[in-house]
Structures are given as C-alpha cells and as structure tokens.
Amino acid sequence: MTMPPPPPQAYQAPPQQQGRGAPAGRYASPIPVRTPGLGDAIASEWTKIRSVRSTMWTLGVMIVLLLGIGLLVAFVVSLSDAPAEDVPVLTLGFFGVLLSSICVITLGVLTIASEYGTGMIRTTLTACPSRARMLIAKSVVFFLLAFTITTVTTGVVGVLQTAMLDGATPDTGLWVRSTVGIGLYVATLGLLSLAVGTIVRHSAGAITIMIAVVLLPLVLAIFMFSPSLASVQEALFEWSIPNQIGAIYDVSMTSSGPTGWEPLWALLGVTAVTMGAAFLALDRRDV
Amino acid sequence: MIEAVGLTKRYGAKTAVHNLSFQVRPGAVTGFLGPNGSGKSTTMRMMLGLDRPTSGHVTIGGHAFRSLPNAPRQVGALLDAKAVHGGRSARNHLLSLAQLAGIPAARVDEVLGVVGLQDVAKKRSKGFSLGMGQRLGIAAALLGDPQVLLFDEPVNGLDPEGILWVRNLMKRLASEGRTVFVSSHLMSEMALTADHLIVIGRGQLLSDMSVSDFISANSADFARVRVPADRPEYREKLTASLTEAGGRVMPETDGALRVTGLPLPRISDLAHGADVRLWELSPHQASLEEAYMRMTQGAVDYRSTADAKEGLQPPPPGYGHPGHGQQGYVPQPPPEVPQQGWYAPPPPGQNPYAAAPAPAPEPTAERTGRTTDEDPR
Numbered sequence: 041m042t043m044p045p046p047p048p049q050a051y052q053a054p055p056q057q058q059g060r061g062a063p064a065g066r067y068a069s070p071i072p073v074r075t076p077g078l079g080d081a082i083a084s085e086w087t088k089i090r091s092v093r094s095t096m097w098t099l100g101v102m103i104v105l106l107l108g109i110g111l112l113v114a115f116v117v118s119l120s121d122a123p124a125e126d127v128p129v130l131t132l133g134f135f136g137v138l139l140s141s142i143c144v145i146t147l148g149v150l151t152i153a154s155e156y157g158t159g160m161i162r163t164t165l166t167a168c169p170s171r172a173r174m175l176i177a178k179s180v181v182f183f184l185l186a187f188t189i190t191t192v193t194t195g196v197v198g199v200l201q202t203a204m205l206d207g208a209t210p211d212t213g214l215w216v217r218s219t220v221g222i223g224l225y226v227a228t229l230g231l232l233s234l235a236v237g238t239i240v241r242h243s244a245g246a247i248t249i250m251i252a253v254v255l256l257p258l259v260l261a262i263f264m265f266s267p268s269l270a271s272v273q274e275a276l277f278e279w280s281i282p283n284q285i286g287a288i289y290d291v292s293m294t295s296s297g298p299t300g301w302e303p304l305w306a307l308l309g310v311t312a313v314t315m316g317a318a319f320l321a322l323d324r325r326d327v
Numbered sequence: 008m009i010e011a012v013g014l015t016k017r018y019g020a021k022t023a024v025h026n027l028s029f030q031v032r033p034g035a036v037t038g039f040l041g042p043n044g045s046g047k048s049t050t051m052r053m054m055l056g057l058d059r060p061t062s063g064h065v066t067i068g069g070h071a072f073r074s075l076p077n078a079p080r081q082v083g084a085l086l087d088a089k090a091v092h093g094g095r096s097a098r099n100h101l102l103s104l105a106q107l108a109g110i111p112a113a114r115v116d117e118v119l120g121v122v123g124l125q126d127v128a129k130k131r132s133k134g135f136s137l138g139m140g141q142r143l144g145i146a147a148a149l150l151g152d153p154q155v156l157l158f159d160e161p162v163n164g165l166d167p168e169g170i171l172w173v174r175n176l177m178k179r180l181a182s183e184g185r186t187v188f189v190s191s192h193l194m195s196e197m198a199l200t201a202d203h204l205i206v207i208g209r210g211q212l213l214s215d216m217s218v219s220d221f222i223s224a225n226s227a228d229f230a231r232v233r234v235p236a237d238r239p240e241y242r243e244k245l246t247a248s249l250t251e252a253g254g255r256v257m258p259e260t261d262g263a264l265r266v267t268g269l270p271l272p273r274i275s276d277l278a279h280g281a282d283v284r285l286w287e288l289s290p291h292q293a294s295l296e297e298a299y300m301r302m303t304q305g306a307v308d309y310r311s312t313a314d315a316k317e318g319l320q321p322p323p324p325g326y327g328h329p330g331h332g333q334q335g336y337v338p339q340p341p342p343e344v345p346q347q348g349w350y351a352p353p354p355p356g357q358n359p360y361a362a363a364p365a366p367a368p369e370p371t372a373e374r375t376g377r378t379t380d381e382d383p384r
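Chain order of the listed sequences is A and B.
With the first sequence counted from 1, adding 40 to any position gets you my numbering.
With the second sequence counted from 1, adding 7 to any position gets you my numbering.
Chain A on its own, in the form it takes in the complex:
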C-alpha cells in the first residue's frame, strides 16, 4: 500500500521558529527542558503497546479463548449427569487458561522482540539511553495489561460458570486464586517471555522457546518409562506449567508437588533470574 505523497507545498515547510537568532556556537531550545524519568518511559511504552495490532490480536484471541472454552466446558458438564458436587466449579476455567497463556507468551515476546525485528530498538535506545528504564517500563506496562485482562476475564468466566452449574460452593481462597492468582501467574509467564525475547531478540525463536518451556516437561515426562528415571519423571510432571496452573486451581495431576500459591512463587523466582540476565545482555551487547 502506498500513501499519496504530501502535497508539494508541504515540502517547503515553514522554517522552525525556535531558536532564531540564537548565538552561534550554542543552540538553546525554547521547548522547556524536563529530565524524563520512569513515568515518561511507562507512558511511552503504553503508547507503543496500544498502537500496534499485535496487541489487539493476541489479547482479543485470549479473551475469546478464555470465555469460549470456559463456557463450552461448563455447558458440556451441565449436559452430563456426572455428579459434580465434589469438584468446585471454578476449576473448569483451567482449560481456557492453559490455551490462552500461549497468547500472553506471544504478546510478551513481541513487546520487545518486535523492536529488534524492525530496528525500532535503536530509535528507542537513542531516545532513552538507560536500558534499565526501558526494560522496567516495558515490563510494568506489559505486566499490568496482561494481569488486568486475565484477572477480569477469568473472573467473568468464573461468575458465568457458577451461574450455569450448581457444584460445590467455592470458598473465597479458590475465588482469589482462580482470578487474581491466575492473573498473576499468567502475567508472570508473559514477563518471562519478555525476558527471553530480550535475550533471544527474535520473535519466532523466543515464542518457540516459550512454548517448549510450557509443553516440553510434560511431553518428556510422558516418555520417561525407565524406572531409573522415575524421580525425574515425577519432578517434571509436578513442575510442568500445566500442572502448576492446575495446582493453583487445586486440580493437580499429581498427589505431591506444588499446591496453592507455590507455583506463583516458583515462577516469580525463575522470571526474576531470567529478567536479570536479560538486563545484563541488554546492557552489555551492541544493539
């Protein structure tokens, strides 16, 4: 698509009014000089993330997946006559969350890797030489966005599911974990993707790595038949990301392993270390 060029008179742009008659040798801008800080960087990253289509696509697909799968599962369960009294209704959100985490991973990676892909990163770091400020601003904006969307959507799905089914009455703890807890977990997973994207600097590569991180432990564990590997197999099962999400919902596939809020703390630790490595890479490497 080619845009029409600006009309000819646009080429003869009027001279800038600033600084006319400034003393030679030193130019002083009439625009008030203000030292920018983290708040400015956050505003800038918010402008960036809301002005590209990939954000709308990934978050839109995520909301559709969460709502669609959540309601579909609730509908199927409501048709069956299986006694659902002992299973809390909220755990049915698990399937949607597992799939929609892929969307958050994609958005997390794209938040930084698209800057490398387009070369925008050089423009950004020329306007903001502080790598730390740029990385923190990106992380804050992305995390808050992913957390808000996930928490609100899982909350809506939870309310709809409990309205459709009359299972065991969920306690407050499960309500908090299945909304805020899942929101924090999924957003942290996205943050880990952002850190991996910073290190890898390549969208497709980083997304592939992150999907492998989510799925590979489980797949590997399935194929570990050998008894000598039994303990490894169990650990992979317990700490695979699908099982961690299940643990937040109290529907762990294993009897041991993380429960309740533990998966979140573990993921936060991994993400903090990866983010530290990402900052070092960003600070040391040529852009």
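Quick caveat, the hints were computed from the structure, so don't treat them as lab data.
Any given hint could turn out to be false.
Straight line, CA to CA, 20 Å or less: simulated SDA-like cross-link-like pairs of lysine to any residue [stated by the list, open to error]:
no., chain 1, residue 1, chain 2, residue 2
1, B, K21, A, R325
2, B, K89, A, D326
3, B, K178, B, P167
Dock chain B against chain A, hints included.
For chain B alone, kept in the frame of chain A given last:
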C-alpha cells in the same frame, strides 16, 4: 561538539573502524564521507552508545552518550529510516518517542509539519515510501530540538525537491548554532551541503578539512592536448615549448598531454609558434567526485567484479553525477584504448592522503556475501 579519540571497532576478525580521531564543531554542517562499508554507520552507532567501541571513545559535549544528562534533548539522530515499527502510525511513533524524552505532545505535530507528513500522520508507516520514511526519521531526530544532530544518509530515497529541502534544513540547523553531522557516500551532495568534510575509507581517516580546502587541494583544471599520432616528435617539441612558458605537462598513456598552468588560448598560440598541429585541445576539470574516488580508491570494500582490472578501468559510470562529475562519465571505452591517467594529477604536495599506501584488496571470498552498507552483525 563531538569528539572521537582513537575510536576502534572490531567484529571478530573484521575491523570496521580503526583508530579514528576527529572533532565535529558546532555551527557547521560536517559531512562524513566514505564508500559503502567504510564504517560510517558503525561510527555513528558508537556515537549513540548503541555499539561499544573495542577501544577509544567518543563523547558528545564532553560526555559519553549513555551518561549524557537528558540525552534526547541534546542529541537527535536519524540512523535508519526503516527503524520504526511499521504497524504504528507516524504520529504514534513520534508520540511514543516524545513521551520517552519528556517532550510535550504538541511538539509531535510541530515536527510532522516541519517534515511535511501532517497529512499521513495517522497512517501506518508500513505503507510509507522510502522518501516518506526518511522524513519520518528526520522528524524523530528533530523532536527534541537538540543541540547535536546526526543524520545517516538522510537523502537516500528522496526526490530532488526532498534533497533540496534536506540540504537547506541542514544548513539552517547549523546556522542556528547546532552541531550537524551528516554521513553520505555522495561527494557531490556533500560538496553542496557541508562546510567541513571528514572522509574515511576502510574505517580509517583519510581526510579531515573544510570543504573549500578540500576543493582547492583536490580539484585541478587541466587541458588535454593531442598531437597527430603520426608525428610523435611533435610531442617533445610542444612539451618543451609549454614547459618553457611555465606550464606543467604530463603525458597520458594514450599519447595525449595533460597541461596545467596555462590557459587554452596560450597553449594554442604556443603550439602555433612551435609549428605543431593539434588534434585536440580541450578543457577538463577534475570534479570533487573524482578527487574523492581517487582518495578512497584503495579503500573500497565492495566493488563490482568488472573492476577486477583495477587501474585499467574507469570508475563505474554511476559515480559520475550529472552536473558534477560529467567528465567522470565516459561510455565504455574500446578495450584496445586503455584510459589510464583518468584522474587529474594531484597538485604537487597538496594531498598527502592520496599517497597513503592503500591496503591490499581482501580475498574475493571475504568480499562476497555482503553487498550493502550494513556492517557485519
């Protein structure tokens, strides 16, 4: 004021920039000239703290870029016009940069007007032409209204009107007391825009002087005189006569004589007086383009294979720019007429750089693969 001291950058075994030292002063347009792959972009990236020098350092206003207080208000740069997210509109792109630098949003619309993009401000920059992309890059550089401006190949892809606009913009920015540093591989463009020239080749400094010095040092008028091919004794006769009258005569390989220091009518009179018939008496001017090419001849990394017969071939015609290098443009000569001595002779003792030994061309295997201005990365 930009100051580079012993700047060196190596990518593995390849040295992109070697021991580069220069100063860029405010209030003037400084042209940064060099063939493709000579290290211009690498040098500019090091100025902006994007690449770390292997050794040496470069400062802007006395600070390394990354420790510069309020960098975006002091330095504006156009590195690569395509370094934008194509899915973002021009206005949002500039707005995000303005917010990042703490610049009021009103300034965004101002610079959009300055570069003439206000009508397509809401359009995604993916659909921009090369020239519009270039204007968007210039707008980003002007956003902070900075003291120091760096432009990497700003006229790439612009139409003649756009080139004129950039030229005037550079001059105006410099006249406001700013430091303007513009890279280009076009000598003709720099001769019109810049006040000062820094020429590099293969990452090394070849020349650092004002444009007027560069012109007087490198361009020389001469006359080409040809005597009948069947009377070789005329050449000695005429040479003696011209030398006696104060001219400098250099033989060219095809039998013509290159005469400097005498006006054309005087040469004709002298030939007549010596009873020598002439087949040719023509005025020639060595353009800056030729001077620049002679200077960077040994420092061109990526040459076309047609140039393998180095020294026998004229420069690729593309370099002869209408209006500037007209003498530089010659249709392919018949192969049996070697055109050596194409360039004007350097005025005696005036051009120490041209005499510098040029590094031997690298093996072909190393030269293939990369054909663009980009550095290895």
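Fill in: Those earlier numbered hints the structure runs against, lowest number first
Checked against the structure, no hint fails, so every one of them is satisfied.
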